[in-house]
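*Asks:* If you want the building blocks of each chain, they are given just below.
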Amino acid sequence: MKTIISSTGNDIKSQFDLRFGRAGWFCLLDEETGKTRFIKNAHQDEPHGAGTRASETVIELGATKIISGDFGPKAKELLDKFNIQMVIIPDDSHTIADIIHKIK
Amino acid sequence: MPRRKRMRKVVAPPGFKGYRPYGNRVRRKKQVDLLYEEYEAIKLTDYDLMNHQEASELMGVSRATFARVYESARRKIASALVETREIRSVFGNAWLDKSWYVCNACHSRFTIPATLIHQTCPICKSKQTNLISDT
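Same order as they appear, the protein sequences are chains P and G. Each residue of the first sequence is one higher than the one before, counting from 2 in the working numbering. Each residue of the second sequence is one higher than the one before, counting from 129 in the working numbering.
Among these hints, one or two may not hold up.
Claimed, not checked - Partial selection, computed: residues in chain P whose CB lies under 7 Å from chain G: (1) T58; (2) I89; (3) I90; (4) A98; (5) K103; (6) I104.
To be clear, the hints were calculated from the coordinates, so they are not data collected in a lab. Cβ coordinates follow ideal geometry from the N, Cα and C atoms, glycine included.
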């Protein structure tokens, strides 16, 4: 199972990002091995369609679960279609490491 | 071109098509169109007793926009009552959201795609989860 966590930076000590489409980085976590990989969000500053682009990135990476602060209507529609589970944590006081620790 | 209207998130649509006054002699007047988001605004503030800030976050709009939607809803209902008009529920600028679950232990919200069978919280593995529209 692969999980994406939206992140503001590129290491596990960085803060969790409440935005999905406009998150700075995506943390790809492999739940079996516990390994993480950080992918830069190339469409962070797109004037529109950032959520759709981010969803496409996630689908290409083969993730089955996404943890973020909120999902826009377009991203949600697309992710629903691909059976990807969306998880909302409404609180941005966590770091990526905290969240990885929580879901284990 | 005016700025586009942000879609308002509505958790559950109203369970009625409309309300009609009875016992009045006057011939039928034009009905009042109550939008789904206006119904939701009334429900969140006056039934679920949320403040405007919480309610606006839930509906995905700013607090000010929420206040405008809520005010328009109250005025529509008032004019329907005073002028004995029929109320009709109309879709409006809403997008319906039926698929979110909330975990009662850690307050995270999540969806359950068709490929998953178990209904446990993906964060804390708690089984205390509810559909948001049921709460």
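*Asks:* Could you check the structure against the hints above and give me the numbers of any it violates, in ascending order?
*Replies:* Violated hints (numbers, rising): 1 and 4; every other hint is consistent with the structure.
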